[in-house]
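Undergrad: What follows is each chain in one-letter form.
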Amino acid sequence: MPSPAFHVPDSVEDVVALLAADPTARPLGGGTDLIVQMRSGRLVPGSVVDFKRIAGMTGVRHEGDAFVIGAATPCTALKADAALAAAWPGVVEAANLIGSVQVRNRATMAGNLCNASPAADSVPALVAAGATCVVAGPSGKREVPVQDIPVAPGKTSLAPGEFVVEICLPAKPAGGGDAYLRSTPRTEMDIAVVGAGVSLVLDADGTCTSARVALGAVGPTVVLVEEAGKALVGTKLDDDALAAMSQAVQAASNPIDDKRGSVSYRKAMAGVLARRAVLVAATRAGAKA
Amino acid sequence: MNAPEQMKQFRHVGTRPVRPDGVDKVTGRALYSPDFKAPGMLWGAILRSPHPHARIIAIDTRQAEALAGVKAVATGRDLPTLESLVMHVGEGASDIVDVSHNCLALDKVLYEGHAVAAVAATSPEIAREALALIEVEYEELPFVLGVEEALAEGAPILHDNVFTKGVDPKPDKPSNAAMRVEMGGGDVEGALASAAATVTGRYSLEPVHQGYIEPHACVASWNGDGQAQIWTSSQGHFSVRALTASVLAMPQADIRVTPLEIGGGFGGKTTIYLEPVAMVLSKKSGRPVRLAMTREEVFRATGPAPGAVIDVRLGAAADGTLVAADVEFLYHSGAYTANDAGAGVSSAIGHYRIANTRVVGVEVLCNRPAAKAYRAPGAPQVNFAVESAMDELAGKLGIDPLELRLKNAVVEGDPQTTGLPWGRIGYVECLEAAKAHPHWSAPLGPNQGRGIAGGYWGNYGGPSTVNVSVAEDGTVTVATGSPDIGGSRASMAIMAAEVLDIPYERVRAVVADTASIGVSMVTGGSRTTFATGMATVQAAEEVKRILCERAARIWGVAADQVEWRSGEVTCLDGEKQGQVMSAAAIAGRSFHSGGPIAAVAALSAKGWLPGFGVHICDTEVDPETGHVKIVRYTAIQDVGIAIHPDYVEGQIQGGAAQGIGWALNEAYIYSKDGKLDNAGFLDYRMPVASDLPMIEAVLVEVPNPSHPYGVKGVGEVPIVPPLAAVANAIHAAAGVRLRDLPMAPDRVYAALHPEG
Ligand SMILES: Cc1cc2nc3c(=O)[nH]c(=O)nc-3n(C[C@H](O)[C@H](O)[C@H](O)COP(=O)(O)OP(=O)(O)OC[C@H]3O[C@@H](n4cnc5c(N)ncnc54)[C@H](O)[C@@H]3O)c2cc1C
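Line by line, the protein sequences are chains A and X.
Okay, so the first sequence: first residue is 1 according to the numbering used here, each after it adds one.
Okay, so the second sequence: first residue is 1 according to the numbering used here, each after it adds one.
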C-alpha cells in the first residue's frame, strides 16, 4: 500500500496545479477530518496538498466592516478577533463548538465546509449569515455562496483543481444578530443531531426586517429554510410567528434515522432549536440595535 | 477533602502523599502496554470476522504467507486441542476451551470481530496488507443479539454442547440459557398478595464497555528452549500466565509475564485476548511479536458488561416494611458463558431485610463479544431495577425514599441471602450521612429533581504475595504481585511505613513480574488494598521482628530486651539501655550478622467485608429536548478506613462518573446485520468532563475489624447506585419513570411527549 505524496506548496497557483494534476488529491487544512478518514481507510488520496504555508491563508482580514477569513485559519483563532466575535457571534460560537480545544486548534471552517458533512457545525451559521467563499481553480477565482459548496454527504460542487481560499462575512447590518445552537447527547465531542443557525435584523421598534434560518443534520446538506425566514419578517417575533417559523423548519426537515437520532426526534429538535436560536439572535440584535 | 479528621491514631494511614508512579505518568514516561518494544520485534495483526455468526469452512493463508515481510501466519488450528476445564482466575470463572476459541476461532465465529487468523510481519503495514490476502470461506448462520430473542423457540443456538447449568434435572436440549442461578425463600406470592403496596416493572439495559483508555496490547517472545516472556498490562499478570499457559498446554513456570503500567481495566483486563496468539506467532517466526488492538477492535472484540432485561416486583406493609421481593433477570452473556448472573443474584436485594424473596438470574448466550467483568460485575444492572422500584414504592406509600431505605436497611447480624449474618457493614451509617448532608435538603431550581439510590458490592480477599526487603541503607522495597490500577503502590507504601514507623518516602512499592514474586490474584473484586495490604502489613511486621532480633544480636542482649520505637530499635537492657539502632545501621551490617533482611507474606486473605454506598443526584431535565443535566452529585460510601483518601475519593468519583455514563448515553448500537455500529468513542458516548459536575465523595469510615488498618474494598461499590440515582432524579424532575437505559435525550423526550 503506497503512502500518498505530500506537498507543501507556497502559492495558490501551485495548489491548483497539484490538485488539477491528480483527481484523487486532497487539500489539507487542519486535517481533523482528512487524516481521520485516511487512517480508517475510508479515503485513499494519491496525494495530500497542505496549503497552510501560503502567505495570507491563515488569519482574519478586515475589509471595512466586512471580514475575510483565510481558509487555513483554525477555529480557535476566530475567537481572538474581537471585531469578528462582536459582529458574528453565532458563527464564531458555531466554529468553536467543533470537537474539543485540541481539535479546534487545528480545525478550520473551510475544512468543515468542504468535508461536506450534513452535520457540520459552522456551516448553518455561515449560511444564515449570508457568507460566501472565494474558490481558486484552473480558470481563476470565483465567489460562491457558502450553501452552494456542499451538494451531498461528502461531496462538494468544487471542480477538479479547485479549492476554497477564503470565507467572506459581510458587515453586520444595523440591528442585526445571529446565533447557532446544536443538539448533541453530550456537551462536547459530539456530532450535531440537529443544528440551527439564525441571522436576523430588527428595526428600531423591534420588528424583524430580514431573517435567515439554516439547519444542519436534517437533510443531505445544510438547508436554508426560506419559509422560516419569511415567517419572521414583519413580525415582532411573537409566539405565533415563532410557531409558524418552527413549523416551516419542521416541514423543511428531511432527516435520516440513524444511530445519532431518529427522524421524529430530529424534526422535533429542529423546531425547538430554531426557535431558541431566533430568541438568542433577537436578544443580540436588540442589545446592539 | 471530605475525609473525616483522623483521630491521631495513625501516622501515615489517612494521609495523602504523592503516588510513586505519579511523575512518570504525568510526564509521559510511564511505559504502558502499547509502548513496549523488543529488539527484532515483529508486528502482528488479527483478521476478524465480518459476520456475527458463521461456520468457518476453510481458511487459505497461502497468499499471505507468500507476501514479502510476512514471517508467520496463525489460525485456530495452531492452538492445541484442550479438554474443558473451568479456571477461576479473574473475576469469575472461564472454561479454558472458550478462552482459547475466543483468542482464535476454531470452527465457528460467534460475533462480528471474532478473531479468525493472525499474521506477524516486519512492519504494521505489511501485516495489514497480509490480512487482506487471507481468504476465509464462511457459511453464514442466523444470528441473535437480544436476550429474549435468544431464548425464543427456534432461536439460533450458539453452542450445541451448552445445556443450562443450575437446572435440575439437566435439560435434554442445548440452549442459549447458559446458566441459571436462584436464591431466596419464604412465600413471595402470598406476601405480595397481602402487601399494602406493590410495584411491578420491567427494566432493560444495553451492554456497555469498560472504556479503559489503553487498548489491549502485548509483546510475546517464545524461545527455542520452550521458555517465554510476555510483556503486557493487565489486572493480573499471574492470570495472564495461567490462562496463556493453559491455552498453550505448557508449564506456567516457562512463561514469565512482566507487568507494564496499565491504562485502566475496570474488570475488562482480567482475561486474555492476544497473548496466546502472539506466542504462537513468536514460536513460528522465532522472533518477539507484538499485538495491539485498535480502539475499534477493543469495541468489537473485548468484553462489554452484559445488558439485561429485568423484572422486579416489590411489596411493603403500610408502614414501609418490605415484605416481598421477586426479581428475575436475563443477562447478555455474549458468545461464551459469562459469570455475572451469580453476582447479580447475590447483590440484588441483600441491602434490605425482606422475609420473602425470590431472585433468579439467567446468563444468555448471544452473538455479541463475550461479556466480561466491569466494576462490580453484575450488580449495577439489577440494582438499577431494584432501586428504581424502591423509589416507586416510596411514592406509592407516601414515604420519603431515604426513610424507606433506612427503615429496611440491613445491619450487622441481619441474615444475608446466604443465611450467614452480615458483618460490620455500614449501610445505615451511609444513609444517615446522606440525610445529614446539606445536599439532601438543598433547594432545587425549575425542572430539577433529586434522586437517591443505595447499593453494595461484596468485595473480596484472596491470594496475594508480598516481599518486603530492606536495602543496605535502611530504605524499604515492597514488591507485590498486584497490578496498581487505583494507586495501590502508594497505599502499600503507606501501610508498610505505618508498620515500620518510618517516612513514606523511605518505602518504595513496585509491581513485580511473575518470576519475581509469588502468585497473586488479579487486581479486581476491590481486593488489592485489603488483601495485598494485609500481606504487606504481615511482611512488614516480620521485617520489623527481624530488625529487632538482629539489633539484639548485635548488642548481645536477649531478644525481648529490645523494642521498636519511632522507626528504630531501642535497647531496654543493662548498660546499653536507651541506645538506639536504626534500620540503616542494622541493614548495613546485615551481610555479616544473619544475612539480608527480607520477609515474604503469602496469604489468602479472609475477613473481607462488603462496601455500601448511597448516592444523591440532582438532575435538570429540559422539557423541550429531553436533555438531562447532572447539576449536583454526592456519593457517600462506607470505605472501612481510607488508607490514602485521595485515591479512595478518586475511585468513588470515577465509579460514579462511569455509572452516570451508563445511565445517560452509553450503549452498544447494532445495525440490522448484526454489526456494531458505534465502535469508537465518538458514538459510544462516555461522559466528557463538561457533562459532569464535581462529584463530591463523602467517606464514611466503619472500620473492618478483620484488617489491621480497617480496610474495606472501595473500587466497585460506586458504580452500583448511580443508574437508579439518575433515573430517580429524572423522575423527580420531570415526572417520567424511565425503565430502559440509556436515558439519552431522545428517550427522555419520547417519555415526555408520548403523543410523538
Ligand atoms: C474528535 C473530533 C471531533 C469533531 N467534532 C466535530 C464537531 O463537533 N462538529 C463538526 O462540525 N465537526 C467536527 N469534527 C470534524 C472536523 O473537525 C471539522 O469538520 C473541521 O472543521 C474540519 O476542518 P479541517 O481544517 O481539519 O479539515 P481537513 O480535515 O483538513 O479537511 C476536511 C476536508 O475538506 C477538504 N478541504 C480542507 N480544506 C479545504 C479547502 N480550503 N478547500 C477545499 N477543500 C478543503 C479536505 O481535503 C478534506 O476532504 C470533529 C473531528 C474530530 C476528529
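Simulated from the structure, these hints should not be mistaken for lab results.
Predicted, not measured: the structure shown is a model, and the values here were computed from it.
The C-beta atom is built at its ideal place from N, Cα and C for all residues, glycine as well.
Keep in mind that a hint or two might mislead.
Computed far set for chain A versus chain X, every beta-carbon distance over 10 Å [said to hold, decoys possible]: (1) H7; (2) D65; (3) I191.
Below, computed lysine to aspartate or glutamate pairings styled on EDC-like, alpha-carbon distance capped at 16 Å [what the hints assert, rightly or not]: (4) A:K259 <-> X:E755; (5) A:K259 <-> X:E206; (6) X:K675 <-> A:E188; (7) A:K267 <-> X:E563; (8) A:K259 <-> X:D677; (9) X:K672 <-> A:D10; (10) A:K267 <-> X:E624; (11) X:K284 <-> X:E296; (12) X:K629 <-> A:E188; (13) A:K259 <-> X:E624; (14) X:K672 <-> A:E188.
Undergrad: Could you tell me which of the numbered hints above are not met by this structure, giving the numbers in increasing order?
TA: 3, 4, 6, 7, 9, 11, 13, 14
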